[in-house]
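There are 2 protein chains.
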Amino acid sequence: MDTEKRREPPTPLMRDEKIIEQPVDQQTLTRRYTEESIAFIRRNKDKPFFLYLAQTFPHVPLYASDDFRGKSARGLYGDVVEELDWSVGQVLQALRDETLAERTLVVFTSDNGPWLIKNEQGGSAGQLRDGKGTTWEGGMRVPGIVWWPGRVKAGMTSHNFASQLDLLPTFVTLAGAWPAKDLLLDGDDISQMLLEDKPLPHRAFFYYAGTRLNAVRKGPWKIHFTTGSPLEKKPAQTHRTPLLFHLKRDPSERWDVAKDNPAVVADLVGEAERHRQTVVPIKLQLEEWAEAPAPVVAPLQPE
Amino acid sequence: MDTEKRREPPTPLMRDEKIIEQPVDQQTLTRRYTEESIAFIRRNKDKPFFLYLAQTFPHVPLYASDDFRGKSARGLYGDVVEELDWSVGQVLQALRDETLAERTLVVFTSDNGPWLIKNEQGGSAGQLRDGKGTTWEGGMRVPGIVWWPGRVKAGMTSHNFASQLDLLPTFVTLAGAWPAKDLLLDGDDISQMLLEDKPLPHRAFFYYAGTRLNAVRKGPWKIHFTTGSPLEKKPAQTHRTPLLFHLKRDPSERWDVAKDNPAVVADLVGEAERHRQTVVPIKLQLEEWAEAPAPVVAPLQPE
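Chains as they are written, first to last, in numbering that gives the first Met the number 0: chain A, 0 to 302; chain B, 0 to 302.
Just so you know, the hints here were simulated from the structure itself, not pulled from any lab data. Warning: the hint list may mix true and false statements.
[To be verified] Think about it this way: if two alpha-carbon atoms lie no more than 30 angstroms apart in a straight line, the pair counts; the simulated DSS-like pairs of lysine-lysine are: (1) K258(B) / K247(B); (2) K217(A) / K258(B); (3) K131(B) / K117(A); (4) K258(B) / K117(A); (5) K70(A) / K217(B); (6) K258(B) / K197(A); (7) K247(A) / K247(B); (8) K197(B) / K70(A); (9) K258(A) / K131(B); (10) K258(A) / K117(B); (11) K247(A) / K117(B); (12) K131(B) / K247(A); (13) K217(A) / K70(B); (14) K233(A) / K117(B); (15) K258(B) / K70(A).
So here's chain A without its partners, still in its complex pose (with noise of 0.2 angstroms):
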């Protein structure tokens, strides 16, 4: 811990465009974004609001409060899990105080898979293939809890795969609009598979690193074209014959079944190459701010 203080930069903390404290107190992150999104909640509870609470942790550098370091069975990491646990606690005690409950769609989820060279800090992916930085399954599948009293069957578990670009095409149908016409998104509406346990359509499910596509899901079955990770130092491995798994029968991804299923490979290559076809290649916002002109670096200070 003290050595990976030592290396932090001084991290402000923001309100809008302001910088409130500098070098930010981690320790006290997960309890104030808890407090401001109930003051949030209590503000808007007589209109529609949407609240995005986008915790820092588990991310590394590790903190948790006074209240929970030490008290979990799995060090540090353990420790601020049981705190995002009880700060989702009080989010979802506020929503039923305030009576919004049986209103208010929930949505527990994560950005990736564990980083796993951060060994003890990190998490785990189970039985799942590799971490954070790759398109194996490892990387990829994070969790998915979403809670609706009344609207959304408690403990229902459900093996449609979903993914975070079907958030908002989901959000503005329950919400009773409709995304604009002119708007391509990757994402569609799963209300009905949330509220009514409806399988979703066959579709794909196109795995990226970057602007590389790597790997191309469909029912049980993914292709991976190219493998390897970003944060890896050995460069990537594009695959002369791709790779295939079914990942029903092989979560782990361990069992390259390609040879003895030409049709599903054919299918798989044949959605990528249509699903390459609707892309149409933008600037890389950090392209973009590369090639502006270098900004002034000025030191900052806390206010």
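Given chain A, work out where chain B should sit, using these hints.
For chain B alone, kept in the frame of chain A given last:
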């Protein structure tokens, strides 16, 4: 399947010392072992009995009967497991039918983890590291399911560790007897854990690879002196500094924490030393066999 079949030796099925079918039709084995077991229970229902039902599968080569082949979502391996599940159900039902359930302790377990090189025809150790032939948890941890209506609480889970070495002293104790005084046993009577969920006394478990002590576990801690597998072509690796894992925080044995826990390392090294002093080397049965005059191998004939 067919390739595998052609390579198989003409496996005999024996009753006691007598060959009753050769080559045996392996698709029938799970069903026939089950029927034999039920007949044995019925024949012996009026006196104490011990039934050891050692199924052939899911060892490779895999076979399932017509009723199960092609039925599961996990290919032949899944079919085999579903037939074994059926078999267990039949045996338990026979005990119920004979009103023996409340007087019979049933233990379901296995001899090792999955044989990973068999790919889809092997099993999976989930998030545990490696498999059969190694002293990583994926090779050593097996199911331990105990059934005794009215005596063992249904649905209870214990996080104590126990092993098949404990079965003999436990069975003897539950039968109201005690092991012979001059018998040096490596296991303990665990009946109080099974019947009353009492924690076991702190004790060490010793992980052998053949005659070599590879690892020692005590509580959540496991020390690995040597890693590798007799099934692998590369030689086992003995670590100058032993590896230490905390199996509760790190069930996948990913993070060696020996450096941070010198007192734990010293304690486990001491356990290994004390254990070694109690072990009396014996000649391996296979060595005795190898030194005996070569047997005359006559082709086996079915009756």
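Cross-check of the supplied hints:
| no. | hint | verdict |
| --- | --- | --- |
| 1 | K258(B) / K247(B) | holds, 18 angstroms |
| 2 | K217(A) / K258(B) | violated, 46 angstroms |
| 3 | K131(B) / K117(A) | holds, 28 angstroms |
| 4 | K258(B) / K117(A) | holds, 17 angstroms |
| 5 | K70(A) / K217(B) | holds, 22 angstroms |
| 6 | K258(B) / K197(A) | violated, 52 angstroms |
| 7 | K247(A) / K247(B) | holds, 28 angstroms |
| 8 | K197(B) / K70(A) | holds, 25 angstroms |
| 9 | K258(A) / K131(B) | holds, 27 angstroms |
| 10 | K258(A) / K117(B) | holds, 17 angstroms |
| 11 | K247(A) / K117(B) | holds, 18 angstroms |
| 12 | K131(B) / K247(A) | holds, 23 angstroms |
| 13 | K217(A) / K70(B) | holds, 22 angstroms |
| 14 | K233(A) / K117(B) | holds, 29 angstroms |
| 15 | K258(B) / K70(A) | holds, 23 angstroms |
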